[in-house]
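**Q** Given the structure of chain A, go ahead and fit chain B onto it with the hints provided.
Chain by chain, the residues run as shown.
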Amino acid sequence: MMLLRTIAVLAASLIVASFLATGSVQAAGLDTAVSGLKEKSFSKRLKAVGAIAATGHERAADILNALSSSKAFVAAPDGKVVIPDAASPGTYVDAITGENLGAIDRGSLKKVRINNRMRGAIRDALGGLTLRSKDRGRRLAAARTMIASPDAAAFENLTAAIAEETDAEVRLAMQRARAASVLASSAPDADKLAAIKLVQAMGNQQAISLLAPLAAGEAGAVADSAKTAIAAINSTLAVWRNAQNVVYGLSLGSVLLLAAIGLAITFGVMGVINMAHGEMVMLGAYVTFMVQEVIRQTMPGLFDWSLLIALPLAFALTGLVGIAMERGIIRFLYGRPLETLLATWGVSLILQQAVRTIFGPNNREVGNPSWMSGSLEFGQLTLTWNRLYIIAFALTIFALLFLAMRFTGFGLQMRAVVQNRRMAGSMGIRTKWIDALTFGLGSGIAGLAGVAISQIDNVSPNLGQSYIIDSFMVVVFGGVGNLWGTLVGALTLGIANKFMEPFAGAVLAKVLILVFIILFIQKRPRGLFALKGRGAET
Amino acid sequence: MFKSGIIRSGYKAALIGAALMSTSAVVSAEETIKVGVLHSLSGTMAISETTLKDVMLMLIEEQNKKGGLLGKKLEAVVVDPASDWPLFAEKARELLEKEKVSAVFGAWTSVSRKSVLPVFEELNGLLFYPVQYEGEESSKNVFYTGAAPNQQAIPAVDYLMSEDGGSVKRWVLAGTDYVYPRTTNKILEAYLKSKGVAAEDIMINYTPFGHSDWQTIVSDIKKFGAAGKKTAVVSTINGDANVPFYKELGNQGVKAEDIPVVAFSVGEEELAGLDTGPLVGHLAAWNYFQSVEAPVNASFVKTWKAFIKDEKRVTNDPMEAHFIGFNMWVEAVKKAGTTDPDAVGQAIIGVTVPNLSGGYSAMMPNHHITKPVLIGEIQADGQFETVWETSGLVVGDAWSDYLDGSKDLISDWRAPMSCGNYNVKIGKCGGQGS
Chain A
0 MMLLRTIAVL
10 AASLIVASFL
20 ATGSVQAAGL
30 DTAVSGLKEK
40 SFSKRLKAVG
50 AIAATGHERA
60 ADILNALSSS
70 KAFVAAPDGK
80 VVIPDAASPG
90 TYVDAITGEN
100 LGAIDRGSLK
110 KVRINNRMRG
120 AIRDALGGLT
130 LRSKDRGRRL
140 AAARTMIASP
150 DAAAFENLTA
160 AIAEETDAEV
170 RLAMQRARAA
180 SVLASSAPDA
190 DKLAAIKLVQ
200 AMGNQQAISL
210 LAPLAAGEAG
220 AVADSAKTAI
230 AAINSTLAVW
240 RNAQNVVYGL
250 SLGSVLLLAA
260 IGLAITFGVM
270 GVINMAHGEM
280 VMLGAYVTFM
290 VQEVIRQTMP
300 GLFDWSLLIA
310 LPLAFALTGL
320 VGIAMERGII
330 RFLYGRPLET
340 LLATWGVSLI
350 LQQAVRTIFG
360 PNNREVGNPS
370 WMSGSLEFGQ
380 LTLTWNRLYI
390 IAFALTIFAL
400 LFLAMRFTGF
410 GLQMRAVVQN
420 RRMAGSMGIR
430 TKWIDALTFG
440 LGSGIAGLAG
450 VAISQIDNVS
460 PNLGQSYIID
470 SFMVVVFGGV
480 GNLWGTLVGA
490 LTLGIANKFM
500 EPFAGAVLAK
510 VLILVFIILF
520 IQKRPRGLFA
530 LKGRGAET
Chain B
0 MFKSGIIRSG
10 YKAALIGAAL
20 MSTSAVVSAE
30 ETIKVGVLHS
40 LSGTMAISET
50 TLKDVMLMLI
60 EEQNKKGGLL
70 GKKLEAVVVD
80 PASDWPLFAE
90 KARELLEKEK
100 VSAVFGAWTS
110 VSRKSVLPVF
120 EELNGLLFYP
130 VQYEGEESSK
140 NVFYTGAAPN
150 QQAIPAVDYL
160 MSEDGGSVKR
170 WVLAGTDYVY
180 PRTTNKILEA
190 YLKSKGVAAE
200 DIMINYTPFG
210 HSDWQTIVSD
220 IKKFGAAGKK
230 TAVVSTINGD
240 ANVPFYKELG
250 NQGVKAEDIP
260 VVAFSVGEEE
270 LAGLDTGPLV
280 GHLAAWNYFQ
290 SVEAPVNASF
300 VKTWKAFIKD
310 EKRVTNDPME
320 AHFIGFNMWV
330 EAVKKAGTTD
340 PDAVGQAIIG
350 VTVPNLSGGY
360 SAMMPNHHIT
370 KPVLIGEIQA
380 DGQFETVWET
390 SGLVVGDAWS
400 DYLDGSKDLI
410 SDWRAPMSCG
420 NYNVKIGKCG
430 GQGS
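Chains as they are written, first to last, in numbering that gives the first Met the number 0: chain A, 0 to 537; chain B, 0 to 433.
One thing to keep in mind: the hints can contain errors.
To be verified - So the derived list for chain A, only partly shown, Cβ under 8 Å to chain B, looks like this: (1) Arg122; (2) Arg170; (3) Gln174; (4) Asp223; (5) Thr227; (6) Ala230; (7) Thr383; (8) Leu387; (9) Thr395; (10) Leu399; (11) Leu402; (12) Arg405; (13) Glu500.
Stated by the list, open to error - Residues of chain A placed beyond 12 Å of chain B at every Cβ, according to the derived structure: (14) Ile113; (15) Asp134; (16) Ala152; (17) Ala162; (18) Ser184; (19) Glu217; (20) Gly248; (21) Arg330; (22) Ala391; (23) Ala403; (24) Val514.
No lab work stands behind these hints, which were simulated from the structure alone.
Since this is a predicted model, take the numbers as computed values, not measurements.
Virtual Cβ for every residue (Gly too), placed ideally from N, Cα, C.
Here chain A stands alone, though its shape is the one from the complex (with noise of 0.2 Å):
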């Protein structure tokens, strides 16, 4: 495969660098390139990618890049390979003359299919082609593609792009593609201890891939340098290593928490052993994906905005799911915590089996809008966007929550009737209702919560059952009845378990995890934080 690359991409640029030359474009060529498309095989098709990077014809870009997204075809009648038009969506052009030729009937289309190999090959191609191209955005790109695939033969042509490239990032990338098809090559030694300086400056684990090779070569002063140059970025690496333990760490423990924080209210503030509390996540998430197909069937243009849309929605609806089950249920059973367990366990049966009804028991799709999507390079840390934003909202309901607790009337309403339910009601605060409303607060918050999970996770009848217990631990790990608590046992929680599971495995980190709790409960049964007051013996 690397052969073949190579020879793709030695032709391409080898060309290119020619008509650089003369200036001329050359069309012949372009058409048996082309034609080859039509092959069965895909060793044959492969060859016909090459073909036609190599014709360097001033279309073989965008027969390219339209293979390269599986939307080259091959018409019907008269076997000519097309391609959409990109000046106007809905009709094809003639991959060869660019000759539009209208709208064609799908039905008369037969994909080009690729595969992975083709897929490779053909990136590697548009990399030679690209690298001089106007947009920034190509030419960074296609310098990229040429660090990740080196080729010794790509040099020329490097050398020809830097000298003419004003952008600092991207030409910085070039030399660095540079340095890399130097490293993969017979160059002089010296030309390649200069290379691995520079590889060395990249500092990632691409760094290393490319100075592997020379380490394990040939003992000399480049195999030296080389491994002092590997030596030198493992220990970097290891630093953001644990950076990136604390990262993943806190995007674990901001999901537990989101899970954890409206429990901490039933159950914390409440004390009520609700089972029912994954089933309130599972219908958060149920009704995102409910406002996303709404959009997508009436106005695909809001799309970014489902969460934003989805999030009152799944408020209101889990608030009232769970303020009826307060009155329907759970006040008729205050102070059997045995019954309440098995009664809310119940009603999660009900809720998961009503779900399955409705909406089947498959998973739902449940997309990312576009600002959630993707990753963010930070030094040699990978952050993904969606878990940035969750860490970010999980806080924000954390302190809207500590907030609304704190300072508004309800707060204190719910604050009075925790810590003395009786003389809470003597000064006139109607303590059914305010239960009622604290119950509906709390599983509210697990809807929220259910958004935000909607975007990590299945959107499945089964979702809740997978954090019930996660979020029972973090709570009694929190210590019962504090936010605070449960803000600080779900991210130590959370870390705990990043740092332990590179060596200990998941599955192992989970039980260590579960075990440190178990005795930690042993030690302070009140858990962290452990609430002083009346209201904590009960």
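**A** Chain B alone, transformed into the frame defined by chain A:
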């Protein structure tokens, strides 16, 4: 149906009772042949198994339209073992003893199969098991219509090692922590080593059921893949954990061109909950894809969509396994002229029926079937596109040739051998396992 006693016994119990309601009694007509369907319709596994219940109902309905079997109508008896392994055994007993069904189609997880196995052997019932599994088992009463490891895992690895598959040299074996992934990975590890892959080029990773936080593992995979050798991930990650796994892969930018992931438990159904745009090119190995171009498949997909009344529903490999298994049973009953399990069990060996990829599948003496193996790449529309297939059919192997304990064992349920674990070295039945 509720028993009236339950309704009287109070409000709370009724709530729980409603959720636990399981047996859907079908009005029984005169002179029918009963077919048991043993798939979870609630609990964790309902996500995968409900579809199989539906496909069985469809197959039975279609058969009845063709006039039934032996002049009688077929009648489905559906029970819900609720993803609860001991309950599988109870429900299997109910089907065989009380309902007196002629054959049972069901089970999904290996643990549920292991739990019903003694019941089928004790009561001499017939079970058709439609899911790919780890092998290392052969029972007189069970017909394995899903893939054995040599019909899925080994060909997938072969493909990745080939030039077309990218000449992979470094392997991540990632799986959920239970018997199927552990056994499959043990077989794969032995196989890779026999092909000259060094131990440091194999990374094995297990995660709990329903694992949803894949950040560390995906970043470890990226790190493992940056060692300068072509790397691939072989995933035996179980259903529910796949969506977060693939989301994390997509978000962290692991492209199929760089590190392809080939999965054995991800089919069209699992992809239905995912935006597959960032996953194009990742692979799955199965014996059937919905996208397979064959007239028999086109009509199957059409019948399915009409039966389930939803244009968006997809078909998948275990559904094809039930299609094959059911038709084999029908043919065997016709051949034997009776539904007696012993007669059908003997008659079914050698029965050949069309599969959905345009060829034929045969029941072998080891109770496994012959199948083609297909490798498909995920497309942006959530379907797979076949990029490679075995040139002929592959015979399911009950006992792996790559494990020490089982390579000398063969299984042949025809008389006179009639043995599931015959040791060819010592020439005796009963080497290992059941």
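**Q** For every hint, state whether the structure bears it out.
**A** Here is how each hint holds up against the structure:
Taken as an interface hint, A:Arg122 checks out: its beta carbon lies about 6 Å from the nearest beta carbon of chain B, inside 8 Å. Checking A:Arg170 against chain B by beta carbon gives a least distance of about 23 Å; that is not within 8 Å, so the hint is violated. Checking A:Gln174 against chain B: minimum C-beta separation of about 21 Å lies over 8 Å; hint violated. Of the supplied interface hints, the one on A:Asp223 is violated, with its beta-carbon coming no nearer than about 18 Å to a beta-carbon of chain B, more than 8 Å.
Contact between A:Thr227 and chain B, as hinted, is not supported at the beta carbon level, the nearest pair being about 18 Å apart and thus beyond 8 Å. For the restraint placing A:Ala230 at the interface with chain B, the shortest Cβ-Cβ distance is roughly 15 Å, beyond the 8 Å limit, so the hint is violated. Interface restraint check: A:Thr383 against chain B, minimum CB-CB distance 4 Å, threshold 8 Å, status holds. Contact between A:Leu387 and chain B, as hinted, is not supported at the beta carbon level, the nearest pair being about 11 Å apart and thus beyond 8 Å.
About 21 Å separates the beta-carbon of A:Thr395 from the nearest beta-carbon of chain B, more than 8 Å, and the hint is not met. Annotation: interface hint on A:Leu399 violated; nearest CB of chain B at approximately 25 Å, more than 8 Å. With 8 Å as the threshold, the beta carbon of A:Leu402 stays out of range of chain B, its nearest partner Cβ sitting at about 29 Å, so the hint is violated. A least Cβ separation of about 31 Å between A:Arg405 and chain B goes past the 8 Å threshold, and the interface hint is therefore violated.
Evaluation of the A:Glu500 hint against chain B yields a held restraint, the C-beta minimum of about 5 Å falling below 8 Å. The claim that A:Ile113 lies off the interface is violated: its Cβ sits roughly 9 Å from the closest Cβ of chain B, which falls inside the 12 Å cut-off. Taking the minimum C-beta to C-beta distance to chain B, about 20 Å, the non-interface status of A:Asp134 holds against the 12 Å cut. Remark: the non-interface label on A:Ala152 is consistent with the geometry, its nearest Cβ contact in chain B lying 19 Å away (cut-off 12 Å).
Remark: the non-interface label on A:Ala162 is consistent with the geometry, its nearest Cβ contact in chain B lying 30 Å away (cut-off 12 Å). In this structure A:Ser184 is separated from chain B by more than 12 Å, as the shortest Cβ-Cβ distance comes to about 16 Å. Against chain B, the non-interface label of A:Glu217 holds: every CB pair exceeds 12 Å, the least being about 16 Å. Its beta-carbon lying about 9 Å from the closest one in chain B, A:Gly248 breaks the requirement of being farther than 12 Å from that chain.
Its beta-carbon lying about 14 Å from the closest one in chain B, A:Arg330 satisfies the requirement of being farther than 12 Å from that chain. For A:Ala391, the requirement that its beta carbon stay farther than 12 Å from each beta carbon of chain B is met, with the minimum near 16 Å. No beta-carbon of chain B is positioned within 12 Å of the beta-carbon of A:Ala403; the least distance is around 29 Å. Consistency note on A:Val514: stated as away from chain B, and its beta-carbon is indeed over 12 Å from all of that chain's, at 15 Å minimum.
In the structure shown, a violation is registered for the earlier hints numbered 2, 3, 4, 5, 6, 8, 9, 10, 11, 12, 14 and 20, in ascending order.
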